[in-house]
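Enquirer: So the chains spell out like this:
Number of protein chains: 2
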Amino acid sequence: MRSIIIASTSTVFGGAPLDYLYEKLKTHFKDTNAILFIPYARPGGISHDDYTQKIQKSFKAIGKTVQGIHEFENPTEAIQQAKGIYVGGGNTFVLVNMLYKHNCMNAIKEAINNGTPYLGTSAGSNICGLSMSTTNDMPIVYPSSFKTLGFVPFNINPHYLDPVSGSKHMGETRETRIKEFHKFNTQPVIGLREGSFIEVKGNDIVLKGSLRARIFEYEKEAYEVVTNTSLNLIK
Amino acid sequence: MRSIIIASTSTVFGGAPLDYLYEKLKTHFKDTNAILFIPYARPGGISHDDYTQKIQKSFKAIGKTVQGIHEFENPTEAIQQAKGIYVGGGNTFVLVNMLYKHNCMNAIKEAINNGTPYLGTSAGSNICGLSMSTTNDMPIVYPSSFKTLGFVPFNINPHYLDPVSGSKHMGETRETRIKEFHKFNTQPVIGLREGSFIEVKGNDIVLKGSLRARIFEYEKEAYEVVTNTSLNLIK
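In order, the protein sequence lines correspond to chains A and B.
Residue 4 in this note's numbering sits at position 4 of the first sequence, and the numbers go up by one each step.
Residue 83 in this note's numbering sits at position 83 of the second sequence, and the numbers go up by one each step.
Just chain A, same shape as in the assembly:
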């Protein structure tokens, strides 16, 4: 049975990486003590080694060991053999570029559809949607495609940010950007605020965390849903 956590962010303001998810992760990864970490998104350009070391510290708190995918000779084999996978945040373009380069996209899809538990945060959540086209990241590299894993039948906008009232900045708000997305694409977009996550169990897709999420459906007014709402019927 598919078991997926799609989190807006790894870190909430004032907290340590992943600490707000610890209780959840204990259950999520209960059948394994070893997590395969995919550090490809490299936040701030950090190296794969340094990023993996950071994540090792976070998981140590719940008694799990972490190995980076870059330590394996064959990344697809590492994915096939993993008992739990975590794809961390950073730059989505860099992440998707590397996943395609190393033929990981299909390997992850297969593993997760066969029941390997998956955790994604930020960029690692964005790729759970149909495409990466609602990322907030800068296109610092050119990936071979914007198509992503499609674990949920919509797109994810992580770190969803409400318009800043009184702002004098003339750049687009997040909501404007997502509306522009819908001039060229029809799939729904879930704006996931920091602290929210989506839990997928088999075919059930449910909003979790303490905050509401903002739903953008094609040619409809955006609306809010509260925690524990099923997202299965969004279209």
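Calculated from the structure, these hints are not laboratory results.
Treat the numbers as computed from the prediction; the structure is a model and nothing was measured.
Take these hints with a grain of salt, some might be off.
Same chains, same label: a pair holds when it works inside one copy or across any pair of copies.
As the list claims (entries may be wrong) - Simulated crosslink set (DMTMM-like; lysine to aspartate or glutamate; CA at most 25 angstroms straight-line): (1) 183 - 49; (2) 183 - 73; (3) 64 - 23; (4) 183 - 224; (5) 179 - 50; (6) 179 - 49; (7) 168 - 19; (8) 220 - 49; (9) 183 - 77; (10) 54 - 175; (11) 220 - 50; (12) 183 - 50; (13) 57 - 204; (14) 183 - 23; (15) 101 - 23; (16) 147 - 50; (17) 183 - 71; (18) 201 - 23; (19) 168 - 23; (20) 235 - 23; (21) 54 - 219; (22) 168 - 31; (23) 26 - 199; (24) 54 - 110; (25) 183 - 110.
Please arrange chain B on chain A, whose structure you already have, making use of the hints.
Expert: Frame of chain A, contents of chain B only:
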């Protein structure tokens, strides 16, 4: 002689589109009363017709007529015959996608290098750099390349925004994003604040407007330059 204006934004807070540039544009386009407008970036997904009508109003104030490139059967011919070109803002991915689709990229390069005056704002400015990789826009379509016009030997970040002090949002600041860019690319980036523009006359590249700009060079600390600074030596 090349004559190019690369503006951070079309509209400054509280103003009407282009009004802060009127005096400059009178000189810039002094040899023509007819401007070719390229509305491909479609801000907010607005139609080419509607966008062109808006821009017609702005240019009417300085006695210029405006025709949209979409009204011509052959876009590259329209570019070759134009006496002045304006590429407006919107979504850079949508803009670049259309420019490649309609074979406009090389046509614009040639026309501008042969002396046709060019005005770009926002997305229309971003494409004056070496690549579109420092855009702020959402990747809502997949263009065939991120390479752009290269009128200046660096990248542009329009609508440059200083970090918001005291923000509790965990998404990346603009400066962090540009630093990430430099983990994968070596060209300099000019962060152009709203109200600033770059003027290119032949081979001279100068910062204009009342604000400072922020310069990001590869493996150097970011620094500020004031108006009227030459940007020729940035590397």
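Enquirer: For each hint, tell me whether it holds in the structure or not.
Expert: Verification of the supplied hints:
1. 183 - 49: Only across copies: residue 183 and residue 49 sit 15 angstroms apart there, 40 angstroms inside one copy, limit 25 angstroms.
2. 183 - 73: between (43 angstroms within a copy, 24 angstroms between copies)
3. 64 - 23: Within one copy only: 13 angstroms inside a chain, 65 angstroms across chains, cut-off 25 angstroms.
4. 183 - 224: within (21 angstroms within a copy, 37 angstroms between copies)
5. 179 - 50: Answer is between; shortest inter-copy Cα gap is 17 angstroms, intra-copy 37 angstroms.
6. 179 - 49: This pair counts as between: shortest inter-copy Cα distance 19 angstroms, intra-copy 38 angstroms.
7. 168 - 19: between (35 angstroms within a copy, 17 angstroms between copies)
8. 220 - 49: between (44 angstroms within a copy, 24 angstroms between copies)
9. 183 - 77: Answer is neither; intra-copy 40 angstroms and inter-copy 28 angstroms both fail.
10. 54 - 175: between (33 angstroms within a copy, 22 angstroms between copies)
11. 220 - 50: between (44 angstroms within a copy, 22 angstroms between copies)
12. 183 - 50: between (40 angstroms within a copy, 15 angstroms between copies)
13. 57 - 204: neither (31 angstroms within a copy, 52 angstroms between copies)
14. 183 - 23: neither (40 angstroms within a copy, 35 angstroms between copies)
15. 101 - 23: neither (34 angstroms within a copy, 50 angstroms between copies)
16. 147 - 50: Cα proximity of residue 147 and residue 50: none, with 28 angstroms in one copy and 31 angstroms across.
17. 183 - 71: between (42 angstroms within a copy, 21 angstroms between copies)
18. 201 - 23: This pair counts as within: shortest intra-copy Cα distance 17 angstroms, inter-copy 61 angstroms.
19. 168 - 23: Between copies only: 23 angstroms across, 41 angstroms inside.
20. 235 - 23: Neither way: residue 235 and residue 23 sit 31 angstroms apart in one copy and 49 angstroms across, limit 25 angstroms.
21. 54 - 219: between (42 angstroms within a copy, 24 angstroms between copies)
22. 168 - 31: neither (51 angstroms within a copy, 35 angstroms between copies)
23. 26 - 199: Close inside one copy (14 angstroms), not across copies (58 angstroms); limit 25 angstroms.
24. 54 - 110: neither (27 angstroms within a copy, 50 angstroms between copies)
25. 183 - 110: Classified as neither: same-chain Cα gap 32 angstroms, cross-chain 31 angstroms, threshold 25 angstroms.
Checked against the numbered hints above, the structure breaks hints 9, 13, 14, 15, 16, 20, 22, 24 and 25 and satisfies the rest.
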